[in-house]
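Engineer: Chains as they are written, first to last, in numbering that gives the first Met the number 0: chain G, 0 to 350; chain V, 0 to 350; chain Z, 0 to 335; chain B, 0 to 335.
FYI, nobody ran anything at the bench for these hints, they're computed from the structure. Heads up, the beta-carbon is just placed ideally off N, CA and C, and yes, glycines get one too. Please note that a few of the clues may not be correct.
To be verified - In silico negatives: residues of chain V with every beta carbon more than 12 Å from chain B:
1. Leu-24
2. Glu-27
3. Leu-29
4. Thr-58
5. Arg-282
6. Phe-289
7. Lys-297
Claimed, not checked - List of simulated lysine to any residue pairs, SDA-like, C-alpha gap at most 20 Å:
8. Lys-119(V) to Thr-100(V)
9. Lys-231(V) to Val-215(V)
10. Lys-205(B) to Asp-289(B)
11. Lys-143(V) to Arg-62(B)
12. Lys-43(B) to Arg-265(G)
13. Lys-143(G) to Glu-32(Z)
14. Lys-296(B) to Phe-335(Z)
15. Lys-143(V) to Glu-32(B)
What the hints assert, rightly or not - For each label pair, taking beta carbons as the anchor points, the in silico distance ranges come out as:
16. Ser-3(G) to His-299(V): 41 to 47 Å
17. Leu-293(B) to Gly-117(Z): 58 to 64 Å
18. Glu-331(V) to Tyr-316(G): 51 to 57 Å
19. Arg-134(B) to Asp-197(Z): 50 to 56 Å
20. Ala-19(V) to Gly-77(G): 58 to 64 Å
21. Gly-253(V) to Phe-335(Z): 54 to 60 Å
22. Lys-263(V) to Tyr-316(G): 54 to 60 Å
23. Met-116(B) to Asp-260(V): 30 to 36 Å
24. Phe-335(Z) to Tyr-199(B): 39 to 45 Å
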Amino acid sequence: MVESYPIKQVIDDQGNVVDASNKDLINEELVLRAYFHMYRIRTFDKKAKSLQRQGRIGTYPPFEGQEAAQVGSALALGEDDWLFPTYRDHGAMLTFGADMTRTFLYWNGRLEGCVPPEGKHIFPAAVPIATQILHATGASWAEKRKGTKNIAIAYFGDGATSEGDFHEGLNFASVFQTPTIFFNQNNGYAISVPFERQMNSKTIAQKGVAYEMPSVRVDGNDFFAVFFEMQKAVERARSGGGPTLIEAVTWRTGAHTTADDPTKYRAEGLGQDVVDPIIRLERFMKNAGFWNEDVVTKAHLEIEEEIEAAVKAMESYPKANVEDLFNHVFAELPDQLQEQKDAYLHLLGGK
Amino acid sequence: MVESYPIKQVIDDQGNVVDASNKDLINEELVLRAYFHMYRIRTFDKKAKSLQRQGRIGTYPPFEGQEAAQVGSALALGEDDWLFPTYRDHGAMLTFGADMTRTFLYWNGRLEGCVPPEGKHIFPAAVPIATQILHATGASWAEKRKGTKNIAIAYFGDGATSEGDFHEGLNFASVFQTPTIFFNQNNGYAISVPFERQMNSKTIAQKGVAYEMPSVRVDGNDFFAVFFEMQKAVERARSGGGPTLIEAVTWRTGAHTTADDPTKYRAEGLGQDVVDPIIRLERFMKNAGFWNEDVVTKAHLEIEEEIEAAVKAMESYPKANVEDLFNHVFAELPDQLQEQKDAYLHLLGGK
Amino acid sequence: MTTKMTDTKIATKNITLIQAINDGMKIVLERDETTLILGEDVGKNGGVFRATDGLQEVFGEDRVIDTPLSESGIIGTSIGLAVNGFKPIAEIQFMGFIYPAYDQIMTHASRIRMRTMGRYSVPMVIRAPYGAGVRAPEIHSDSAEALFTHMPGIKVVCPATPYDAKGLLIAAVEDPDPVLFMEPMHNYRSFREEVPIDYYTVEIGKGKKRMEGEDVTLITWGAMVPVVEKAANQMKQHGISCEVIDLRTLYPVDERIIAESVQKTGRAVVIHEAAKTGGLGNDIVSIINDTSFLYLKAPVERVTGFDVPVPFSSLENHYLPTVERIVKGIEKVTNF
Amino acid sequence: MTTKMTDTKIATKNITLIQAINDGMKIVLERDETTLILGEDVGKNGGVFRATDGLQEVFGEDRVIDTPLSESGIIGTSIGLAVNGFKPIAEIQFMGFIYPAYDQIMTHASRIRMRTMGRYSVPMVIRAPYGAGVRAPEIHSDSAEALFTHMPGIKVVCPATPYDAKGLLIAAVEDPDPVLFMEPMHNYRSFREEVPIDYYTVEIGKGKKRMEGEDVTLITWGAMVPVVEKAANQMKQHGISCEVIDLRTLYPVDERIIAESVQKTGRAVVIHEAAKTGGLGNDIVSIINDTSFLYLKAPVERVTGFDVPVPFSSLENHYLPTVERIVKGIEKVTNF
Ligand SMILES: Cc1ncc(C[n+]2csc(CCOP(=O)(O)OP(=O)(O)O)c2C)c(N)n1
Ligand SMILES: Cc1ncc(C[n+]2csc(CCOP(=O)(O)OP(=O)(O)O)c2C)c(N)n1
Ligand SMILES: [Mg+2]
Ligand SMILES: [Mg+2]
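So here's chain G without its partners, still in its complex pose (with noise of 0.2 Å):
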């Protein structure tokens, strides 16, 4: 089976085109957003693993070297679509139009962090695994019953695989056509279950075949053929062509979690020979001519500000307000949770 989808790519880990099919649509302007979001988010990822160690963010699920995956993938979503992401695809959310501040937030324990910019369908992180897949079904559906061309994403690793949603949400999606894109990061582990034993089959993209769907397996360290195998797939579900299955395959290089220990269970020097997708594509610009000092010293100078202002929000934001806890139970509060409410609060105000 493993022949029948061989790995897709655009350029190779020197940073060489591969492939050139697509070489047109290749211009600066996508080479430097890709760039300046990759290593945007991946500063991100390590501020908020530097954040974590300090104590002032809790556990945090780190996504280095799945940024050409995350952004490649985001890139090529419109405005109006709508995106599911897992714990860890907070580089997905940030490129796609999440607050900075607010991801920061989620991950020091806070509720607005769930709370997407107004009118960017960002749906909260799902952590119990693969049930954003059904969700991401539900919501495209919606948008096909209303007759937009709108689309909806979920992201969720190999380990989601395993669960029964994974199933049920792609044979929903087959049997109803939704327009949904099913994006699977394949990065070798499920906190330190490895890819062998999560599944017998070679291929996460051979899963398609079960709900007859279009599945496709791409190098998830090579934005370009990311990007363009998710444009392959959104253009298909804009048209009425369905939902589709895409393995990125690509690896996690650090921690399942700053909680994790991964030398309990990788073996040393494991996964070193994978280039990492920054340097892959540095590799690229600097072969085909898209390297410019100045633009990237910029870029990094202008991101740099942008985390170090959004770890200021976090920090001053206003403190977590008690009434948080019962306010959005329900659209309107049952007299229980009223009285529950009063009461806690009045205790609070009698100290």
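Fit chains V, Z and B with the ligands to the supplied structure of chain G, relying on the hints for placement.
Structural biologist: Same frame as chain G, now just chains V, Z and B with the ligands:
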């Protein structure tokens, strides 16, 4: 995909041999066993429907039309194998050695119907769809761990493939290479929902690809096709080759259950071209010289007597014992439950 | 089913509970084009109980949707539809088959408003026939309300009569939050009632006094209501006057109606089908403990299903609270 | 972790609750070769909390098994293993992820003995870390005991201390029926205790009096035990003497220890993390109502989580019962 899964057939609708590769294996003993069991469970099924109409048993799910699939699969099992049926597989259960009186009792709302004969590994029919697929995986895994050559078969319908447990079961089986046979009876309907609305794939067999699991599509109304493909799967499982998915394409001749009215959802005449599996076997027997009027008549009589005796035994069975409401919830009743039991028995006694 | 004009000029018809539910759905599908029906066999077949009978013919396959056999799938996609502008009415064929969807309801349907501070919400109704006593196969007869009253973020409703069924169903669909709508199978066709032909609602969160009484308060809901009324009538003959309360909504429970009644009678019996331990009866005991402690003349009695799985049909009548057991319970509190 | 001989010559070691659980599993894996451990990350990684640390090294990949990420799969295959001669100890990584397996537990694990009149049974332990207060992400902090105490056919156990954890775990594995073993994450490493090195069991179904008192009975379990003890100590300074009961088993509950204590003190406060409505606290109120009505000097008070989803970590300390809220509860019953 459908081309990759041609429907395996040994005899055609007219009872002619179309695939002679197993011809040597078709001997009188096998043919007569097949005929006996198919006729036996058909007669049971008819009796059960009639008992239900007379209010002598409760709601009943007939399996008419699926006899070749159920007998063909069950006869390929060994004494010590495990059978995990659904509510529609009492044909397979009876063939494998379930007690007929108890089978009637089950459909009369009696707990006793779930208890297999001593030493026979027959699980009670799973009512929540697809759940038994995981039990079969676990029980056969246990056999593998014990180092036996025993296997387990899980029966399930086309509708069951939509449940998460179907997916999780096949994934576990393929990861742990358990000796499990996933035996699907694709009878065209899940109550009123036709196959084409249950899934977008044209076959169920192709779902094996997701798990890199050998799978095959057989004519489920052709006893020999089912039996020989089952034998292959059994052999593979016993010899450490892991699980197999079998799609037996068949047809539910009657209603979903005696409470169902298929005219609500099934166009008149639909399925009328399906040749009854018993007629098909009879044609083969006549064509191939296995038909012996005396033997057949004797078998019919024997079967009728057995069924009459079982009905009698069911109807003269001791009344349901109230204590059974409490006795088997735990190995030892907790105090609270013992009190509930005592109080209730006291109340009944005080009448 | 003949139309009738009552004094107040509201046109009514004499229908069963299941017809009332069908009627309620028809009205909401007509009034609000964002409403959808999803479930197994709800379309062509009109539901295994005929609750959605005829609706697909009127509203099309696009709004009355036969789904694959997958409860988590039904609820999960309904959540996606609900956050994006639709109001799904999802049918779970029997309440005993809601468990595969428990995760989606528990971690998403009930939490999305909270998690997004109101940005997204899930205005969805989950319909589920529940309860024993109709000789159904295994697992078909569970009463799982307590698994949902304990789940913050979802309301739980359970009508006992055709009138309440229609009015509560429409209210549930209009509710901005998820509502589990439990339907007493046993009452589906057991009696008829005059029900307004047109749109009306019954307020969620309000119980109803079905019988006035002085000596004991009987608190119940759903399929148990007629059984409790029978017991109350029987007690009348023995000179004991029972007040019968049908809770109708199981979350949020109408605490006031309970407290007012128990403060009058000083005695209470709670009756439900589900197992005693962990059952909603315990919550009622707590409410009485909290609100009416000093009024109580006897411990509150619970007459419920036993702490055993709902049994096979041959034993289900032993499992269900009977008039006799309820009478015993009433005698216990009156003789205390 | 030094070995120590007590007076009675039982060798003990001073370990945390999570070490005690690890120790308990090691002992059962040694004693009974039909025991298996299954779960996500339980093997090489030794569990996300290190509960199974080192066990795969000792017992091999064949007995300490990393499974695919699929809770229904873990429980469903464990059921198959259990009916066919094995004793699976299935880990659910956090209790908030048990919901996808709810169907398998509800319709099979808990019912198979009943359905087959004892022919088949499911001697399985489901381990699940639960509770808030450790700044975990969303859904990781649920306390879902009431969803299982209401499920006939399964026992529910919840230790608060290292000693009880090991003894109850071994008892759970030896129990012939399924046992849900809830582990208070908050207490995993918060304190140590002398625990016998060797095999011992703590009886399932028996609570434990942690403090003797005269004025009020405080009933709790798991992670709330230390908080309640703190409150009790604080009350002592105000001249109010509290009896503290750690239930340890949540089904079947030790009704006697509750009744005896409340009949002595005449007052009770139940404390738990889960939401108030539908929480186990209501069952305790009912038990007191049934057994000790005439002894009660005040309504039983419940100090619990609010009827809201367990919140994000920034608000979890407001959600959890605090010493202050418990003190208020005690004052309420003593000042009634
Ligand atoms: C239903 C459920 N079970 C278990 C967990 C605990 N858990 C969190 S992340 C994770 C691994 C997920 O692996 P994968 O899907 O590959 O995504 P990745 O973390 O690699 O991005 C697990 C087991 C969970 N969040 N939800
Ligand atoms: C979890 C669950 N959901 C719904 C049902 C109700 N139900 C009983 S049989 C059935 C259809 C099953 O179809 P299929 O798997 O094709 O088997 P068949 O009945 O055709 O043999 C349904 C929906 C159930 N038993 N369990
Ligand atoms: Mg992964
Ligand atoms: Mg079918």
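Engineer: All the hints need checking, so say for each whether the structure fits it.
Structural biologist: Verification of the supplied hints:
Every CB of chain B is more than 12 Å from the CB of Leu-24(V) (nearest about 31 Å), matching its label as outside the interface. Non-interface call for Glu-27(V) relative to chain B: holds, since the shortest CB-CB distance, roughly 36 Å, exceeds 12 Å. Listed as a non-interface residue, Leu-29(V) keeps its Cβ farther than 12 Å from every Cβ of chain B; the least gap is roughly 30 Å. At roughly 18 Å from the closest C-beta of chain B, the C-beta of Thr-58(V) stays outside 12 Å, upholding its exclusion from the interface.
Non-interface status of Arg-282(V) relative to chain B is upheld: no Cβ of that chain comes within 12 Å, the nearest being about 40 Å off. Once the 12 Å rule is applied to beta carbons, Phe-289(V) is consistent with being away from chain B; the minimum gap is 39 Å. Separation of Lys-297(V) from chain B is adequate, the least Cβ-Cβ distance of about 35 Å exceeding the 12 Å criterion. Between Lys-119(V) and Thr-100(V), the direct Cα distance comes to roughly 15 Å. Compliance with the 20 Å bound is thereby established for this hinted pair.
A distance of roughly 10 Å separates the Cα atoms of Lys-231(V) and Val-215(V); the hinted pair therefore holds under the 20 Å criterion. Between Lys-205(B) and Asp-289(B) the alpha-carbon distance is near 19 Å, which keeps this suggested pair within the 20 Å criterion. About 13 Å separates the Cα atoms of Lys-143(V) and Arg-62(B), which keeps this hinted pair within 20 Å; it holds. For the hint linking Lys-43(B) to Arg-265(G), the alpha-carbon distance of about 9 Å falls within 20 Å, and the restraint holds.
In summary, the hint linking Lys-143(G) to Glu-32(Z) is supported, as the alpha carbons are separated by about 15 Å, within the 20 Å threshold. For the given pair, Lys-296(B) sits about 18 Å from Phe-335(Z) by alpha-carbon distance, which is consistent with the 20 Å threshold. The suggested pairing of Lys-143(V) with Glu-32(B) holds, with an alpha-carbon distance near 15 Å, which does not exceed 20 Å. Checking the proposed 41 to 47 Å range against Ser-3(G) and His-299(V) shows it is violated: the Cβ atoms sit about 52 Å from each other.
Under the hint 58 to 64 Å, the C-beta atoms of Leu-293(B) and Gly-117(Z), about 48 Å apart, miss the expected range. Taking 51 to 57 Å as the suggested C-beta distance range, the pair Glu-331(V) and Tyr-316(G) conforms, at roughly 56 Å. A C-beta distance of roughly 54 Å is found between Arg-134(B) and Asp-197(Z), which places it inside the suggested range of 50 to 56 Å. Between Ala-19(V) and Gly-77(G) the beta carbons are some 59 Å apart, a value that agrees with the proposed interval 58 to 64 Å.
Between Gly-253(V) and Phe-335(Z) the Cβ separation comes to about 57 Å, which falls inside the hinted range of 54 to 60 Å. Range check, Lys-263(V) to Tyr-316(G): Cβ separation about 58 Å, and the 54 to 60 Å hint holds. Between Met-116(B) and Asp-260(V) the beta carbons are some 35 Å apart, a value that agrees with the proposed interval 30 to 36 Å. Taking the beta carbon of each, Phe-335(Z) and Tyr-199(B) are about 44 Å apart, inside 39 to 45 Å as hinted.
Consistency note: the structure conflicts with the earlier hints numbered 16, 17.
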